[in-house]
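Colleague: Modelling step: build the complete structure from the supplied sequences, incorporating the hints.
Each chain, letter by letter, is given below.
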Amino acid sequence: MKISGKLTGALMLTALVGTSFGAHARDLTVVGFGGSVQDAYRSAYWEPYAAEKGIKFIEDTTNGGLAKQKAMVETGNVTWDVVQMEEDELAIACSEGLLADVDWATLSSYKDSDPAMFTECGVGAIVWSEVLTFDADKIKDGPASWADFWNTEKWPGKRGLRKTAKLTLELALMADGVARADVYKVLATPEGQDRAFAKLDELKPDIQWWESGAQPLEWLAAGSVTMTAAFNGRITTAQGEGRNFPVVWNQQLYSVDYWAIINDSPNHDQAVDLVDYMNSTAPQKRFAETIPYGIANQKAMAELDPEVLAILPSAPDNLKEAIKLDSGFWIDHGQELTERFSNWVAR
Amino acid sequence: MITAARSEADKEAGHRRLNRRRVTSLLLVAPLLIFTIVVFLLPIVTILTNAVASPEVSTGLPRTSLALAGWHPADRNLPGGEVFDALAQDLSEKSPERTRAVAAAARRLNYEVGGFRSLLVSTERAVKKSADDAGNWRERLIGMDGRWGDIETWQAIRRAAPAHTPFYILSALDMRQAADGSIGMVPENQRTYVAVLMRTLKVAAVTTLICLALGYPFAALMVKSGRNFAFMLLGAVMLPFWTSLLAKTSSWIVILQEQGPLNKLLIWSGIVSSPLQLIFNATGLYIVMAHMMLPFMVLPLYSTMKGIPSHYMKASSSLGANPARGFFHVYLPMSLPGVGAGALLTFIVSAGYYITPSLVGSPREQMLGYFVAFYAYTSVNWGLASALGLMLLVCVLALYLLAGRTVGVRQIAGLR
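In the order they appear, the protein sequences are chains A and B.
When we follow our numbering, the leftmost residue of the first sequence carries the number 1, and every step to the right adds one.
When we follow our numbering, the leftmost residue of the second sequence carries the number 1, and every step to the right adds one.
Derived from the structure by calculation, the hints contain no laboratory data.
Derived pair list, reagent style DSS-like, types lysine-lysine, alpha-carbon separation capped at 30 Å:
{"hint": "1", "chain 1": "B", "residue 1": "K202", "chain 2": "A", "residue 2": "K204"}
{"hint": "2", "chain 1": "B", "residue 1": "K128", "chain 2": "A", "residue 2": "K70"}
{"hint": "3", "chain 1": "B", "residue 1": "K94", "chain 2": "A", "residue 2": "K70"}
{"hint": "4", "chain 1": "A", "residue 1": "K138", "chain 2": "A", "residue 2": "K154"}
{"hint": "5", "chain 1": "B", "residue 1": "K248", "chain 2": "A", "residue 2": "K68"}
{"hint": "6", "chain 1": "B", "residue 1": "K264", "chain 2": "A", "residue 2": "K158"}
{"hint": "7", "chain 1": "B", "residue 1": "K94", "chain 2": "A", "residue 2": "K68"}
{"hint": "8", "chain 1": "B", "residue 1": "K129", "chain 2": "A", "residue 2": "K111"}
Computed from a prediction, not measured in an experiment: that's the story for all the values here.
Modeller: This is how it looks when you write it as structure tokens:
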């Protein structure tokens with residue numbers, strides 16, 4: 001009886017020590033938007049870094065939103081360390097204290113990088129763009145603008161669009177003939193918002209909504225959509241797999257995603273070190289060669305092949321008719337428009 | 001005398017014995033009681049408070065909230081200079097905790113008026129930059145941003161300032177408080193949740209009816225058939241019950257999709273000429289939901305039917321009733337408690353489903369649970385998520401009470 005009591009006690013103690021030890025020794029956890037861009041992070045950044053430092057890392061994916069970050073910080077159970085975030089959500093999360101405020105000037109890679117890519121709480125990870133694409137093997141005379149995207153008489157079939165207000169309302173206004181410089185001015189007014197939703201109403205029966213960036217290209221390959229909005233890097237990946245999906249740079253919508261570190265992360269120092277590594281010249285070059293997203297490190301940019309530079313969203317030719325995602329607008333109107341959008345989709 | 005004293009002592013001892021037994025039984029049920037409070041009552045209380053709590057503005061802008069209490073927006077005058085000074089003071093504190101509190105207030109105020117977030121954050125920056133804190137902030141704030149000169153801006157702060165507001169509950173009912181404080185419906189094209197609630201109740205009701213239509217004969221067959229066959233039938237109901245919900249859902253997607261085995265079979269057999277759209281619409285939703293919910297219907301039905309003595313039906317036919325009459329006058333009334341229990345269980349569980357509808361339905365079949373998840377996980381609007389959850393809870397509770405009145409709670413719980 002006594003022995004078994006002691007044994008139970010010992011077992012319980014080991015279990016306790018085990019769990020608390022496990023909680024502290026959580027491996028560095030990195031979170032991206034999944035799909036081919038995450039594959040590129042893994043091969044260009046995470047695996048070489050882990051090999052160099054002799055550590056293990058855990059991957060997770062997100063489709064955006066701040067709920068997880070908020071829950072982690074508020075409950076003190078932080079399970080992510082380095083996370084990829086969109087610009088507007090980064091700013092909101094930063095002001096609400098969900099992200100660590102790091103002095104990026106202390107990074108060794110800081111001097112090689114575009115200073116504009118460092119903001120409060122975030123380091124520019126990629127410059128990405130949402131563009132129009134289609135299967136050129138099936139459509140010879142393809143669409144060239146968002147107005148064409150809405151033209152279901154000339155090109156019948158389903159359209160892929162991202163199931164978010166952000167990135168979709170802008171396209172609707174451009175399709176409705178709003179000049180790119182005025183898109184956010186119009187969208188800031190109630191009439192402009194009604195106009196965008198009315199334009200989406202026209203296309204609604206033909207829209208197939210995607211949530212993760214990999215879906216639209218799978219659908220395009222399977223032929224279940226005729227044309228789709230997609231992230232430029234994913235399209236290049238599909239081209240590499242032999243698909244004839246051209247990128248329509250006209251009216252591209254581009255923005256920057258950032259790396260951020262969750263506040264109170266138990267692996268804070270390691271996380272800062274990883275961000276510094278990811279932003280340094282050799283890994284950045286490796287990354288941009290794997291998937292054509294813009295990068296922060298200018299030294300790495302200078303070393304890139306002209307052919308790679310030409311397919312980046314930031315190439316001068318591609319920027320001619322581009323609009324930049326206005327994160328200030330989405331910080332202000334994201335909540336109401338996101339809610340109105342999700343209600344509209346469900347109707 | 002002696003006997004009286006003795007009986008007094010006896011009584012006392014009896015009381016003590018009774019008390020001891022009470023304490024013992026209380027101790028015995030204590031784990032259950034604590035469990036119920038922790039996993040059942042506390043979450044409900046949290047939801048209730050979250051749906052009306054609005055602490056952000058009063059903690060983020062404490063002086064402004066206090067100062068605004070004395071302002072009467074009815075006379076269409078801007079608040080006095082002391083309110084502007086209070087706001088500047090609230091925004092000028094430099095500690096990170098205060099900055100976070102202001103950010104939370106900005107998020108809350110942005111629900112009231114779109115654009116409030118940047119208004120507050122940019123004003124905060126400007127106020128912190130201006131070194132002197134001498135008064136007359138009224139002109140300076142209006143100079144920073146003209147919106148501080150609008151009565152509506154201050155009305156929004158005043159509306160959101162109390163620690164409890166009806167804002168989320170009203171939103172969940174497609175209503176809102178206008179600037180003047182009156183409550184009305186939101187514009188027609190923005191109403192959603194009442195319709196979604198009706199849709200949720202409809203999906204749950206139709207699923208319940210399908211399950212009843214399938215489950216009643218199935219349970220009756222289980223009772224009638226021999227031991228081995230009954231065991232097999234029970235397995236057919238229970239096996240899917242033990243399988244993961246996601247595995248079941250994805251198998252259905254494979255079976256029902258356009259090029260799936262079911263469509264191929266239908267075309268091969270010549271029943272249809274082109275594939276039917278069986279998934280990602282209401283048809284698919286009902287098929288999959290009915291499959292998920294069937295055990296909740298069959299099990300209570302089976303346990304009730306098992307208790308109906310078989311010679312009752314024989315007695316009814318020996319008294320001259322044909323089988324139909326015997327069924328409607330003897331069997332059906334006796335199995336009704338099982339029908340009530342199964343239907344209520346199926347209805348309540350289906351009303352709360354959201355993963356299955358979001359996987360096999362179109363956006364038009366999304367149920368209230370989807371919106372609760374959307375506001376909790378994506379939009380981080382926990383107040384509205386709670387209010388929507390509360391709405392569903394109230395509907396289900398009302399139904400439960402109604403059923404309790406008509407069928408009886410004890411019968412629903414299978415206690416009789």
